[in-house]
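Chains as they are written, first to last, in our numbering: chain B, 1 to 290; chain D, 291 to 580; chain X, 581 to 870; chain C, 871 to 1160; chain G, 1161 to 1450; chain P, 1451 to 1740; chain E, 1741 to 2030.
None of these hints come from the bench; they were simulated from the model. Be a bit skeptical, because a hint or two may be false.
Not close to chain D: a few residues of chain B, all C-beta gaps over 12 Å, as computed [stated by the list, open to error]:
#: 1; residue: Lys82
#: 2; residue: Asn149
#: 3; residue: Ser179
#: 4; residue: Asn229
Cross-link-like lysine-lysine pairs, in silico, BS3-like; alpha carbons within 25 Å at most [what the hints assert, rightly or not]:
#: 5; chain 1: B; residue 1: Lys231; chain 2: G; residue 2: Lys1262
#: 6; chain 1: C; residue 1: Lys1111; chain 2: C; residue 2: Lys1098
#: 7; chain 1: P; residue 1: Lys1678; chain 2: C; residue 2: Lys972
#: 8; chain 1: B; residue 1: Lys241; chain 2: B; residue 2: Lys231
#: 9; chain 1: E; residue 1: Lys2020; chain 2: E; residue 2: Lys1971
#: 10; chain 1: D; residue 1: Lys392; chain 2: D; residue 2: Lys576
#: 11; chain 1: E; residue 1: Lys1981; chain 2: P; residue 2: Lys1552
#: 12; chain 1: C; residue 1: Lys1156; chain 2: C; residue 2: Lys1098
#: 13; chain 1: B; residue 1: Lys286; chain 2: B; residue 2: Lys102
#: 14; chain 1: C; residue 1: Lys1101; chain 2: X; residue 2: Lys682
#: 15; chain 1: E; residue 1: Lys1842; chain 2: G; residue 2: Lys1388
#: 16; chain 1: C; residue 1: Lys1101; chain 2: C; residue 2: Lys1111
#: 17; chain 1: B; residue 1: Lys280; chain 2: B; residue 2: Lys102
#: 18; chain 1: E; residue 1: Lys1968; chain 2: P; residue 2: Lys1552
#: 19; chain 1: P; residue 1: Lys1691; chain 2: P; residue 2: Lys1678
#: 20; chain 1: D; residue 1: Lys392; chain 2: X; residue 2: Lys808
#: 21; chain 1: X; residue 1: Lys860; chain 2: X; residue 2: Lys811
#: 22; chain 1: G; residue 1: Lys1446; chain 2: B; residue 2: Lys228
#: 23; chain 1: D; residue 1: Lys521; chain 2: D; residue 2: Lys576
#: 24; chain 1: X; residue 1: Lys866; chain 2: X; residue 2: Lys811
#: 25; chain 1: G; residue 1: Lys1440; chain 2: G; residue 2: Lys1391
#: 26; chain 1: X; residue 1: Lys808; chain 2: X; residue 2: Lys821
#: 27; chain 1: C; residue 1: Lys972; chain 2: P; residue 2: Lys1691
#: 28; chain 1: C; residue 1: Lys1111; chain 2: X; residue 2: Lys682
#: 29; chain 1: B; residue 1: Lys286; chain 2: B; residue 2: Lys241
#: 30; chain 1: E; residue 1: Lys1981; chain 2: E; residue 2: Lys1971
#: 31; chain 1: D; residue 1: Lys392; chain 2: B; residue 2: Lys102
Using N, Cα and C, we set each Cβ at its ideal position, and we do this for glycine too.
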Amino acid sequence: MSYLPTFALGPPNCGTTILSTTGQNCDLLITPMPPRLIRPRPGQPHEVGNLQPSGRGYDHGITTFSPDGRLFQVEYARESVKRGTTTAGLKFRDGVVLVCDKRIASRLIIPESIEKMFKIDNHVGIATSGLVADARQLVARARVEAQINRITYAASVPVDILTKKICDFKQSFTQYGGSRPFGTALLIGGVDENGIHLFETDPSGAYQSYHAGAIGSGRNTVIDYFEKNWKDNLTLNAAMKLGLEALRNANDQELNRDAVEVSVIDAEGYRILDRAEVNKQIDRLKPLEE
Amino acid sequence: MSYLPTFALGPPNCGTTILSTTGQNCDLLITPMPPRLIRPRPGQPHEVGNLQPSGRGYDHGITTFSPDGRLFQVEYARESVKRGTTTAGLKFRDGVVLVCDKRIASRLIIPESIEKMFKIDNHVGIATSGLVADARQLVARARVEAQINRITYAASVPVDILTKKICDFKQSFTQYGGSRPFGTALLIGGVDENGIHLFETDPSGAYQSYHAGAIGSGRNTVIDYFEKNWKDNLTLNAAMKLGLEALRNANDQELNRDAVEVSVIDAEGYRILDRAEVNKQIDRLKPLEE
Amino acid sequence: MSYLPTFALGPPNCGTTILSTTGQNCDLLITPMPPRLIRPRPGQPHEVGNLQPSGRGYDHGITTFSPDGRLFQVEYARESVKRGTTTAGLKFRDGVVLVCDKRIASRLIIPESIEKMFKIDNHVGIATSGLVADARQLVARARVEAQINRITYAASVPVDILTKKICDFKQSFTQYGGSRPFGTALLIGGVDENGIHLFETDPSGAYQSYHAGAIGSGRNTVIDYFEKNWKDNLTLNAAMKLGLEALRNANDQELNRDAVEVSVIDAEGYRILDRAEVNKQIDRLKPLEE
Amino acid sequence: MSYLPTFALGPPNCGTTILSTTGQNCDLLITPMPPRLIRPRPGQPHEVGNLQPSGRGYDHGITTFSPDGRLFQVEYARESVKRGTTTAGLKFRDGVVLVCDKRIASRLIIPESIEKMFKIDNHVGIATSGLVADARQLVARARVEAQINRITYAASVPVDILTKKICDFKQSFTQYGGSRPFGTALLIGGVDENGIHLFETDPSGAYQSYHAGAIGSGRNTVIDYFEKNWKDNLTLNAAMKLGLEALRNANDQELNRDAVEVSVIDAEGYRILDRAEVNKQIDRLKPLEE
Amino acid sequence: MSYLPTFALGPPNCGTTILSTTGQNCDLLITPMPPRLIRPRPGQPHEVGNLQPSGRGYDHGITTFSPDGRLFQVEYARESVKRGTTTAGLKFRDGVVLVCDKRIASRLIIPESIEKMFKIDNHVGIATSGLVADARQLVARARVEAQINRITYAASVPVDILTKKICDFKQSFTQYGGSRPFGTALLIGGVDENGIHLFETDPSGAYQSYHAGAIGSGRNTVIDYFEKNWKDNLTLNAAMKLGLEALRNANDQELNRDAVEVSVIDAEGYRILDRAEVNKQIDRLKPLEE
Amino acid sequence: MSYLPTFALGPPNCGTTILSTTGQNCDLLITPMPPRLIRPRPGQPHEVGNLQPSGRGYDHGITTFSPDGRLFQVEYARESVKRGTTTAGLKFRDGVVLVCDKRIASRLIIPESIEKMFKIDNHVGIATSGLVADARQLVARARVEAQINRITYAASVPVDILTKKICDFKQSFTQYGGSRPFGTALLIGGVDENGIHLFETDPSGAYQSYHAGAIGSGRNTVIDYFEKNWKDNLTLNAAMKLGLEALRNANDQELNRDAVEVSVIDAEGYRILDRAEVNKQIDRLKPLEE
Amino acid sequence: MSYLPTFALGPPNCGTTILSTTGQNCDLLITPMPPRLIRPRPGQPHEVGNLQPSGRGYDHGITTFSPDGRLFQVEYARESVKRGTTTAGLKFRDGVVLVCDKRIASRLIIPESIEKMFKIDNHVGIATSGLVADARQLVARARVEAQINRITYAASVPVDILTKKICDFKQSFTQYGGSRPFGTALLIGGVDENGIHLFETDPSGAYQSYHAGAIGSGRNTVIDYFEKNWKDNLTLNAAMKLGLEALRNANDQELNRDAVEVSVIDAEGYRILDRAEVNKQIDRLKPLEE
């Protein structure tokens, strides 16, 4: 296969320009992302919420520690993530599966335009939760880092290196003044020479490798479900079924057949399932008991 | 047709210079825009308004998250949009229709000088709502991005790429200090190789693709009307009728025959209807029942 | 006529140097402007005034939206304009007339030295109201923009393009921190290939095209008068009479024969009437009834 | 006469270096200026004084408008001027006379070292009131501007152009943050091809042309006196007498024969009267009635 | 062995890029680090905690001393370290042993991915406690400094020089505004020509050389244990046993056989023990008495 | 005499490097200065002191005027000077005498190391009062300015020009933010072609020429004494006697024979008296009456 | 002896890199310094402490004078020094002796690693007290200044010049915003052509020459002891004895034989005494009476 460089460059403070050389061979085709409307959700208790003055003034700047050594602005950015769509990822025998049930507020919205999963390179995909526009900047940067690696070493970027670079970038927004942390968490899944990887990152720039993980509003429910049910060496079908079940659990209602999104990264690369394939997987689930 | 480059460049902090090489062939002819006077409107409840100290100090800077993970300054910028003129857009069989009923405060004002819709390139148009002077900056930037694409690839810019670039620009004003977010929402309609597109963007830099959407003070009423009445594969005439009805609904009074503006983007490009054509469409509406 | 370039350049933060090559042919001869003393005027209610803490802290920085989406600093800059001299402009059959009755606080002041109207180029004039020293910066910038257009295109700048550029410059002072908005409104009148133009601009960077408009403390009275009396296709004499009547109405006293200023922009270019011509026009007015 | 360039250059934030090439021919000989000690003066009511919190927080930064459109920091800078020595200027048949009665706090002070009047160029002089060290910066800048004009056009700078440049410089300190306005007012007198000029400037950057004007603590008394007594076409002697009378009036006591300073700008250039000449003029005044 | 340069460079404010030339010979292979989730831990009293306003406003900026000469922000950063995993280091006859019992919150987490110890160069290792993402920046910088030394002097960096450089870097974040101190402590162990070294550093940039030291939440317990039990000239096995006992003491529960990490730096260089070796050491410990 | 250039250069924000080419001929030999310990002095009322909130918030920034036009930070800097050692200067027939009685807190201090008087050039000396470390910066700058003049014009700098340059430098610290005014006053004495000069400068950048002046805590007493006793054309001995008497008066106790410092600038240049010469002058004083 | 250049350079804001060319000949060998742990010490009253709001808001920024002309941040930095280890210095017949009793908090700490005294050049040494990491920056800068002098003049730097340079550097941190003053005092001892020197410096940038001085928590006790007992022309042994006695007095307990550090600078250069030599000196002291 001939190598067609696709690259993206730009100063961090004014968005990033993604230039793709041709339409057909472009691996980095950019699909539009849906807006993330921030509204308090009724019936969902806030951990820090109700705007109690819990920070006592130590929580207005990113360059300020609180007396017990916490960075409140980073913790508040995590709250942004907790307001986001639940997104889950889990390893199977040959790779990683990412699943998510997008919220569709109106029949006028085109579900395909709401994208929570992004191809970064042939072997890496990222699922996001939190502020949509912030996520886009991190995805763009990840794509750039992947291409820099290709151009510099003529090799695809190792998944852990890529994760570290994105998280170093995030960290700098927690230590230097004049900006705010990214209000976005990422699930980074990929397959490289060192094996199969699934990383969960948060706004502080910390990351951890998981067998199965989740981000967004339903994270804890999904993690509980995975702790009980995930096991090693799942088949792809089993993994997808498990992921969708966990998602359904978190939402506590049947999945929206128009809005569920599933992507797979394995030896054959990153691919996003089409509507028919997704619904075939949903059909395999037992109906929710009332 | 010979290609006459029309380009615009300039530092973001001092306006953008649009230079058009000739008068006749200039596709980017700039028409003046009316001022957007900001006044509280009587009889219209404010969601956040009455200046309640709801933000408790977390709402003064763009680089500060609130304890529940919200960016108040971005939400306040959305309030600016909610004070703007209602503008609607909807897809039809061959393209996109944009409609709006401009507020004319005095018979001394020249209605044609109040422009809510802008041609960005042959195949893309933008309708705006919110702070007029802010909108102008985004329109200018969109025109520049469209021309950069033409010069770099000798091809018109895909509508989703253009939308992403404008929204990445908006996002940077929500993360870095020293400035404020744009107080403007955009409806971006266009036709390209990938089909017909209608994007709705907001001050956070988020965007979503719609079959039919709206921005400004009457957004919710229009969206309700569209959810009930919009269907696929409308003819141009049906789409214009539907859009005007929705607008009339939102204003709850007959349309102002001097101030309604309609533009169409389809395979033949962007065109704005003249007064006679617009009024022909208004005549087709049934009178409002008292 | 040979073209003698007259140009002006300088960094925005330290005034602008206007260099004119010769004395005789210099179109941009700079005339001194009177100071604008800011004092509360007795017997005139303030809309926002009495220093009520209406802004609740959202009104100290230009980079801060209030909870209901307003930019208080821009609105306060508009108050500056409302404290300024009333200035009116109106279209007639062949061009635009600008009129103003300057306040002369002392017989020691030389009335000719108080200039409210400025020639920008042969075909454009600007009348100002608000902070005098701020106005001077915008006038200087307008002259520069007009000359840049001449040098780049060997053509006079279209009036709407000039207006847009000045207003884009104004807008940047409402979005970026470290400075304040301009406390000045402008009436921009001109004649170009596209016809006769009269634009009213405000400190937000918004602008609108009018048949007849006004700025300054008596704006509303003048606008009311014009709405009742202005009609299309006035002769020059009729337009001047109408303008002076409106001004007299706003001041509610006879015009000061030493301080009224009138300028005309038509096919023959910008000209300012001399004292005799102005007084001839004043003589045509019927005396004010007590 | 051969032209000996005398020039001055330097960054605005660290004073200005005036280099004069030779001692004998140096027109810009710099004379030291007395310090302006800031103390509340007993028995003199303050307009804004008593430190009432009249500004309610809108008066701490130069980049902030108050709700009624005022720039408090500029108004406070004007108060600085009102605390300064009274200085007057008036036109006569052939030029301008500047007069001032310097306050000498101690017999140990050398009166000649307190300079309130400065030669800018052969045909222009400036009298100052307010913060002494601020005044020195403006005087230095005026001298530089005068020399730039000589070098660029081989002509002396028109007085109104010079005034405009100094005031544009002042204005920039009222719009951009990080510094404060100049606490100094200037009387700029000069004679050029366009006639005889006397400009009064204030800290906002506004200026006005006067037949006779004044700055400093006794401004209003002097202006009243001039309004009653100044007339056109005075002889030099009459003008000096009138100016000294006005000054004596403002101080309400006989003039200090050691501290009165008088300078004249006419067709023969700028000259400062020596002690004997000044006292000859003082002798011509009728004694003050008790 | 041939020298393969592995280097890392990058601006401090956007993370550091570590480029490794080949996979096999790369001594600086980067292993991912687990996220450090900041949560108040129940049943553990906070020294400064409960958010008492103890700092009285002297604790918000790094550039501010308190009246008794303390730098509160530095002390708060130390609190961040006290919230971190307990990590211990101790010298033995031939080198340094570093031990730590990682907290594994879920069986879904891959323990190997949580790295608390890092190889800096062949002869130096660093164990960290506190904010994970901050630690990564210091580790990256240490690796760069080590390589700079190799390139400049063709010699491995002395351990004390390396410690001083990292701590000078830390110090600069305690004196200059615009950022915050690093919320991380480091144990730096190494062997060089001058002998065996173990340094303990803290967020202020201070460091001290220890025979046996510890950082993190259980620091005081471990130090007490070492003061009683550490002696000179331990064998490697004895040192590992002592370190693990101290750790078990601090945690007050049996060690987690999946999460304990042990590394050794001696004449043969830095090596991290594999799971089997670690568990062999754990097996040698006497069971904890109830 | 051959000219040996001695020069000093350096950025203002990191001290100034004075390089002297040789030891023997170096006129600018730098002598160390004693520290100025800031302590409230018992039994001495403070004019502004007791920390009354007299500034009401207008006194925290140098870029803020108070409502009555004062610059509080400049006035507070003057308080710094009032806390300093009393230093006096007076003219005599042939030059200027500077005297001061240094405070020696301990017999361990080496009195010669406390320097209040500095040679700037052969013909100029400066005596300082206020913050010692600030004074050093101004002295260094004065030496640089003197050398620049020598290098540029091959002539010694006129005393008034030097004074103006130092004071312009001081003024810039009262108008631009980000730093504070210098807490130092200077007495600048010198002899040049224009005669004998003694300037008193203050933190605002103002200066005045005196026959006899003083700075520091006892300024008013010394000035009173000089007003009664100074006369023209004193001999050197008479001037020294008068200065020492004034100093003794201000301190209200006998002079400290180890700590009095006297320097003289006349046609023979700047020289500092040795201990024996000083004490010979002290011996000529009549004892203080109890 | 051949001259081996050892130099150090680096930007002030990120520590200083000291490169030594070889190990054997390196005069500037860097020894690690112990951390300075900041803790309130029980039973020791604080002068300013108890966090009383004594500064009333004038004490938060280095660029702000208090109403009585004090710089609170500089005074608070001095408090930092008062919390430091007591360090003393005294002159003897041939040079300077520096002594200090280091606090060793644990037997695990390696006393030699806690360094309070540093060789700057062959003829100069510095003893420090206060914030350890701050001290390191000043020591590094002093070494650089010493080497710059060697390279520029091929001569060792005079001790007073070196002191002045370090203190000018310190002063700049008390006048310009964005950083804080150094929380460190220095005793600078040295021998040069001009004799024997001992300087005491403080955070303000002030310095004074002493026969015998001290810094740190026990400063006043040591100074008292020296005032009573120091005399001229001590032998080295007598000076060491006197210094150690003073130190023991300040600590009010026997000296720690493992932690006392003594260094001597005389004609033979700077040398630090080894443990045996130090203890020989301690043995010569009479036991403390109970």
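Hint check against the structure, violated hint numbers in rising order: As far as the earlier hints go, 1, 3, 11, 22, 27, 28, 31 are violated by this structure, in ascending order.
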